[in-house]
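From just these sequences and the hints, can you work out the full model?
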Amino acid sequence: MLGFLTRTRGRRRADLTDWLAWAFLVLGVLLMLGPVVWIVLSSFKTEAALQEYPPTLLPLATQTVTVEGYADPLPLYRVTEGEHAGRTLAQVRRVGLVAQMIDPADPATRLDVNIAARAPVRQVDVATENYTALFSRFNFLLYFWNSTFITVVATILTVLFNSMAAFALSKYKFRGRTVVFLLIIATLMIPPTINLVPIFLVVSQLGLVNSPWGVIWPAIATPTGVFLLRQYMLTIPDDLLDAARMDHASEWRVYWRIVMPLSAPALAVLVIFSVMWRWNEFLWPLIVLNQAEEFTLQLALNSFQGELQTSWSNLLAMTVLTLLPITIVFAILQKYITQGIAQAGVK
Amino acid sequence: MTLGKLLGGAALALVFAGAASAQELRFACYQDGVECDVWAEQFKAFEAENPGVTVAIDVVPYQSILEGLPVQLAVGEGPDVGRVTDFGGLAQFMLDVRPYVADAAVIEERYGRSLAWARVGDNAPDGIYNIVDQLTATGGFANKTLFDQAGVAMPAPGASWEDWAAAATAVRDATGVDFAMALDRTGHRFAAPAISYGAAYFGADGEPILVDDGFRAFAEQFVAWNEDGTMAKDVWAGAGGGTYADAAAEFINGNLVFYYSGSWQIGRFGRDVGDAFDWVATGGVCGPAACTGMPGGAGIVGFKRTEHPEAVGKLLDFVARDEVQLAVLAQTKNIAANAKLQAEGVTYTDAPAPVTAALATFAASVPDFSPTAYALQGYRNNRAIFTATPARITQAIVGELTMDEALERLDADVAEAVAASQ
Amino acid sequence: MQPLARLGGWLYAAAFDLMERPMLAVQRLVGVQNVAWAFLLPNLLIFGLFTFIPIALNFMYATTGGDQLLLWERPGVGAENFASLLDCESYLDPNSCQRDLFWRAVHNTGWFVVLQVVFMVLFALITALILNKDLPLRGFFRGVFFYPVLLSPVVVALIWKWILQRNGVLNAGLESAGASPINWLIEANWAFFWVVFISIWAHMGFYVLILLAGLQAIPADVYEAAEMDGGSKWRVFSRITLPLLMPTMVVVLVLSLIRAVQAFDEIYVLTGGGPGSATTLLLQYIYDTGFAERPRLFGLAAAASILMAAVLFALTLLQLRATRGQAEGR
Chain A
0 MLGFLTRTRG RRRADLTDWL AWAFLVLGVL LMLGPVVWIV LSSFKTEAAL QEYPPTLLPL
60 ATQTVTVEGY ADPLPLYRVT EGEHAGRTLA QVRRVGLVAQ MIDPADPATR LDVNIAARAP
120 VRQVDVATEN YTALFSRFNF LLYFWNSTFI TVVATILTVL FNSMAAFALS KYKFRGRTVV
180 FLLIIATLMI PPTINLVPIF LVVSQLGLVN SPWGVIWPAI ATPTGVFLLR QYMLTIPDDL
240 LDAARMDHAS EWRVYWRIVM PLSAPALAVL VIFSVMWRWN EFLWPLIVLN QAEEFTLQLA
300 LNSFQGELQT SWSNLLAMTV LTLLPITIVF AILQKYITQG IAQAGVK
Chain B
0 MTLGKLLGGA ALALVFAGAA SAQELRFACY QDGVECDVWA EQFKAFEAEN PGVTVAIDVV
60 PYQSILEGLP VQLAVGEGPD VGRVTDFGGL AQFMLDVRPY VADAAVIEER YGRSLAWARV
120 GDNAPDGIYN IVDQLTATGG FANKTLFDQA GVAMPAPGAS WEDWAAAATA VRDATGVDFA
180 MALDRTGHRF AAPAISYGAA YFGADGEPIL VDDGFRAFAE QFVAWNEDGT MAKDVWAGAG
240 GGTYADAAAE FINGNLVFYY SGSWQIGRFG RDVGDAFDWV ATGGVCGPAA CTGMPGGAGI
300 VGFKRTEHPE AVGKLLDFVA RDEVQLAVLA QTKNIAANAK LQAEGVTYTD APAPVTAALA
360 TFAASVPDFS PTAYALQGYR NNRAIFTATP ARITQAIVGE LTMDEALERL DADVAEAVAA
420 SQ
Chain C
0 MQPLARLGGW LYAAAFDLME RPMLAVQRLV GVQNVAWAFL LPNLLIFGLF TFIPIALNFM
60 YATTGGDQLL LWERPGVGAE NFASLLDCES YLDPNSCQRD LFWRAVHNTG WFVVLQVVFM
120 VLFALITALI LNKDLPLRGF FRGVFFYPVL LSPVVVALIW KWILQRNGVL NAGLESAGAS
180 PINWLIEANW AFFWVVFISI WAHMGFYVLI LLAGLQAIPA DVYEAAEMDG GSKWRVFSRI
240 TLPLLMPTMV VVLVLSLIRA VQAFDEIYVL TGGGPGSATT LLLQYIYDTG FAERPRLFGL
300 AAAASILMAA VLFALTLLQL RATRGQAEGR
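Respectively, the protein sequence lines represent chains A, B and C. Mapping the first sequence onto numbering that gives the first Met the number 0, position 278 (from 1) lands on 277, and the numbers just tick up by one. Mapping the second sequence onto numbering that gives the first Met the number 0, position 344 (from 1) lands on 343, and the numbers just tick up by one. Mapping the third sequence onto numbering that gives the first Met the number 0, position 330 (from 1) lands on 329, and the numbers just tick up by one.
No lab work stands behind these hints, which were simulated from the structure alone. Mixed in with the good hints there might be a few duds.
Computed far set for chain B versus chain A, every beta-carbon distance over 12 Å [stated by the list, open to error]:
hint : residue
1    : Asn252
2    : Arg267
3    : Ala329
4    : Thr348
5    : Asn380
Simulated restraints, written as ranges between beta carbons of each label pair [what the hints assert, rightly or not]:
hint : chain 1 : residue 1 : chain 2 : residue 2 : range
6    : B       : Ala356    : C       : Phe118    : 23 to 31 Å
7    : B       : Gly175    : C       : Met59     : 58 to 66 Å
8    : A       : Val328    : C       : Gly8      : 17 to 25 Å
9    : A       : Asp237    : C       : Leu134    : 38 to 46 Å
10   : A       : Arg77     : B       : Gly228    : 51 to 59 Å
The beta-carbon is built from N, C-alpha and C at its ideal position, and this holds for glycine as well.
Pasting the structure below:
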């Protein structure tokens, strides 16, 4: 049963196992990308179209027609039963259960149709207003810049500090090494959400509330990063380092010129994680940043969430906007990212 | 190096804070519709009247008002002014603007009932802390078109919850829609029928006694309605803890016959239902003891930590003015908290007929609300009641707890909350 | 791309020059082995400020009551918070506990961790084995499986909520196939299923890549030797591939276990812990108690988080001991 899984690479012979593998992959692609595609399609629907059941694949809206004598365009309906069955009529207004309709070719005659006996004539209508409404409300570029600043600065500091710590923990034997490592491992287990209140106390004592640094500093000493890098650096042979020391290289040079370049795959992984974490972060910025000019993109987009109302049309457009930048970056760097992770994992 | 950078960051933050205008008021504002935008427009007039004072509006997510703001205020951070809903919970941080307003008596006369909501704890019994700009009232909405199609007569004003349940079920069965009734998932909405069923919520000493015969009666009825499908089970059973959930989408979709929510939905229904069906506001729904809804609302408050209390006071004075409120309400399509405007009525800008009618129905129901409803809305720990109710009642609905266990736990939760906040 | 790379290289060199002298001075001062502390310093400083101090504060919160945020305004209650959390007639029946919701969360978390980790590792392994075959478009498939990992938890939850809602596309599909629609997030068992499914969906890609790397590190001649010996495919897999993959599997298990115990955001947005408390996990209980609900019982939340951390720490030590040979010995 599992036999096909063990086939090695480099043998091309389409047999049953290949077909099964293909079926699995196609299914996987549908399952992984389908939901995202569906969200993107849905985000272009009007609020009314979103409420429709069963949902349509493409964003549709009722077709309208401009009729002489009426200021606004009138919606078109196909009459499904009754004496006018089969005709396409424009609806003037609806009163209770009866729709007053006219034939666009003969606007003078008013026809009464039961509302259950008509179906709207529809066409594709892309509701870009879901997006323009978001953009018109706030300064997108400012929030994009804030998010980018926090993400980039925090990522650089994360990589720098974590790799320094990992270097110390993997390449030196000093008193207290195990204790420090265990302390870091212990915090790896403690989700930051738990410490929200005490961390806020510290941040406010440091005067970092309403400053991007209030988001950056608490985030950069990630235990995951230290753990990941340390495990990777353990695999770098000590001989290399000793050889450099023989040539009178300083410890800093050993770290910066030898260990860092050799750890590139693991560093790449950390960069990706850090970018992801900081870009997607919501709860912590929500508490630290409360002045509009410091908002991150996630906060600005969420300022649409009122107490009593949430509308899917805004929510979906917002969702697509937040996943867009990271998707573009991924699409461009896909090869490096997946290879980086793969190499860091193997060692 | 690290410390240097750290301090550098801190110093930078301080410099920025200090560089701000000497009389800049930061206003943390959340909105359900266009409230903050409308206020921004109005504040231009305020700034013209008070040269040197500027108001910077920060439109924030509601979650930030609910979860971030109390933490910030507790450590002495936060904005000068805010638009909030949890008056009791934030009361200890609020600024009494009585010394700064032009005519406190007029404000008292106009806003007396809602002013009481912030006069709790150590706050002055005659202090002016909050100007409510969005009074809300809970009440029902019915899909009239579905009633017409089913040929079922819509219960008249004054009809009971049972009447509506029977009628809505009949309509659902006749028309084939999914749901007969729904009620938003919060203890606030739940309180209205509970009080109508006789729940007192408070004992003679003013301390909360959550579960009494009236409360139990409606709780049992509500759970039974969820079990037999009269109530849309999705709304309450679809979430856990005290999470809020509504059924507005189902109503807009024409899939729900009777929806118990509140006046804030009116604008949205006007916009999103459009021509699809006819809907009406039903006014208060009755139980054996009363026909009350629950009042509620959002309002603008100043905070003690501000460095410009006088400017904040003037701002609240401005906000309270009749003509300012009138202009804002006309655009935000909310019910007036201002007694004079309530009596005179508000003309809403660009409102379709059903919206105007519904707003009138809701506004008319407000004066008849039970004193218990007002007491509960003004009670300091009411949020504990509002979140514990759905958490425990839902457990009874999905069968994790029996009714007795759920009510017992509910009582214990609230007792603990009251003890903790003393 | 080229100028950017050059700029990066220049900055990299400049940073080196900037720090070399001070670090050399430190090295001369304290000796080569102790220079490690200089490397550790920045990280430890930040750790101290934003992790260790808060954790210490957390311990203090755990012994106080009331709803005040500031520690010095809170009355001490000793071990009362711990006692009330542990007050149970039977730990297997949450209804018999004073804090029934805490114990429901403990039970839910236990099930969630076991199911999520087992199925995720299984599916990740199958996917990695298939992607290890020499198929066209391998890079594309690898990217596709990894893509959901990049999405924020809120986005993941919203995507699936939109699909699973009563009037969502999944029910529409069911109905068009003649089946009756299901209230996916209203029925406790289905809700739990989807919570597990979605967290596998969102995180599997990462582990697939790690496993794939492990597979590719197995030299091809090992397989060839095995096939020469005429071993069946299953035999090759169970005798060669799996044992050689074991060290990688351990990494995957450790990381996924930690993630599973800390699961929170996606589920919070997706089900809010419901229906009832069917998908309330520990972290959500802590967040609800200490933050989302009024009044905020920081003390109780802190006590619960300390209990959780203690269990986690014990688990980690066990794991480290069990995997020391494999993780460090290589």
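Checked hints:
With a cut of 12 Å on Cβ distances, asparagine 252/B falls inside the contact zone with chain A, its closest approach being about 4 Å. At the 12 Å boundary, the C-beta of arginine 267/B falls inside the reach of chain A, the nearest C-beta of that chain being 6 Å off. Distance check for alanine 329/B against chain A: the nearest CB is about 19 Å away, which clears 12 Å, and the non-interface claim stands. With a cut of 12 Å on Cβ distances, threonine 348/B stays outside the contact zone with chain A, its closest approach being about 19 Å.
For asparagine 380/B, the requirement that its beta carbon stay farther than 12 Å from each beta carbon of chain A is met, with the minimum near 19 Å. Distance hint for alanine 356/B and phenylalanine 118/C: a CB-CB separation of about 55 Å, inconsistent with the stated range 23 to 31 Å. Checking the proposed 58 to 66 Å range against glycine 175/B and methionine 59/C shows it holds: the Cβ atoms sit about 60 Å from each other. Between valine 328/A and glycine 8/C the C-beta distance comes to about 21 Å, which sits within the given range of 17 to 25 Å.
Checked against the hint of 38 to 46 Å, the C-beta distance between aspartate 237/A and leucine 134/C comes to roughly 40 Å, which is consistent with it. Look at arginine 77/A against glycine 228/B: about 34 Å separates their beta carbons, and that is not inside 51 to 59 Å.
The structure fails hints 1, 2, 6 and 10 (numbered hints given earlier, in ascending order).
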